[in-house]
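Q: Using the sequences and the accompanying hints, generate a full structural model.
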Amino acid sequence: AQSVTQLDSQVPVFEEAPVELRCNYSSSVSVYLFWYVQYPNQGLQLLLKYLSGSTLVKGINGFEAEFNKSQTSFHLRKPSVHISDTAEYFCAVITSSGGYNKLIFGAGTRLAVHP
Amino acid sequence: GAVVSQHPSWVICKSGTSVKIECRSLDFQATTMFWYRQFPKQSLMLMATSNEGSKATYEQGVEKDKFLINHASLTLSTLTVTSAHPEDSSFYICSARGSAGYEQYFGPGTRLTVT
Chain A
2 AQSVTQLDSQ
12 VPVFEEAPVE
22 LRCNYSSSVS
32 VYLFWYVQYP
42 NQGLQLLLKY
52 LSGSTLVKGI
62 NGFEAEFNKS
72 QTSFHLRKPS
82 VHISDTAEYF
92 CAVITSSGGY
102 NKLIFGAGTR
112 LAVHP
Chain B
105 GAVVSQHPSW
115 VICKSGTSVK
125 IECRSLDFQA
135 TTMFWYRQFP
145 KQSLMLMATS
155 NEGSKATYEQ
165 GVEKDKFLIN
175 HASLTLSTLT
185 VTSAHPEDSS
195 FYICSARGSA
205 GYEQYFGPGT
215 RLTVT
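So the sequence lines, in the order shown, correspond to chains A and B. Residue numbering for the first sequence follows our numbering, starting at 2 and increasing by one per position. Residue numbering for the second sequence follows our numbering, starting at 105 and increasing by one per position.
Just so you know, these hints were derived from the structure itself, not from any lab. Relax, there's no trap hidden among the hints.
Below, a sample of chain B positions facing chain A; criterion: calculated Cβ distance under 8 Å:
(1) 147
(2) 148
(3) 150
(4) 153
(5) 161
(6) 197
(7) 212
(8) 213
Here are the simulated DMTMM-like cross-link-like pairs (lysine to aspartate or glutamate), alpha carbons at most 20 Å apart as the crow flies:
(9) B:145 to A:9
(10) A:59 to A:86
(11) B:145 to B:192
(12) B:170 to B:192
(13) B:145 to A:86
(14) A:50 to A:65
(15) A:50 to A:21
(16) A:103 to B:156
(17) B:145 to A:89
(18) B:124 to B:191
(19) A:59 to A:89
(20) A:59 to A:21
(21) A:50 to B:207
(22) A:50 to A:89
(23) A:103 to B:207
(24) A:50 to A:86
(25) A:103 to B:167
(26) B:118 to B:192
(27) B:168 to B:191
(28) B:118 to B:191
(29) B:170 to B:191
(30) B:124 to B:156
(31) A:103 to B:163
(32) A:59 to B:207
(33) B:124 to B:169
(34) A:70 to A:21
(35) B:124 to B:167
These numbers were taken from a predicted model, which means no experiment stands behind them. For every residue, glycine included, the Cβ atom is placed at its ideal position computed from N, Cα and C.
A: What follows is the structure in structure tokens.
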């Protein structure tokens, strides 16, 4: 089964600085990757996804991610963060088990943007 | 489009009672719905997958007699926590997926507190 690893549990950064949130996945023939954001006491919002095609994926709120097959990574980046980007970010992968496609999440990375 | 709602958004119940949480897809037909559980400062853990009109498939370690899932229509799934105990207190999030594609759409979550 597929899995994802988010290496950083917390990432502190100053406002307007660039940020990278790291995500590595277990290797497989076909891989479908997602980044979600969760604000306190809310559900998840899709930031971006990679299903196929261009390895550089652009999402909402100025975020982008690059699918790197050789390094089995799908890191999330933003060139200049805002205070409002403070949230929990989850990397996720589709895995097939028992005939079902399921979305499996990484442990999450808490992005804390400071003024 | 692709909006998923949950009701209630929060609920407090006494130990030993049962509580039902509803998950609705408002503008699409959800052939598959998923239920997740999230403890504070932790990731989402998949509890079960349900397809409309069939029994839910539970993840290992999830008590199917305690967490009853019903997916009676293409727009509604319910999770009933039976004989709730304080350790069942958690944030429960549902998601829904249509007949095509891999993307899941998440509800806003339900905060359950068992006293």
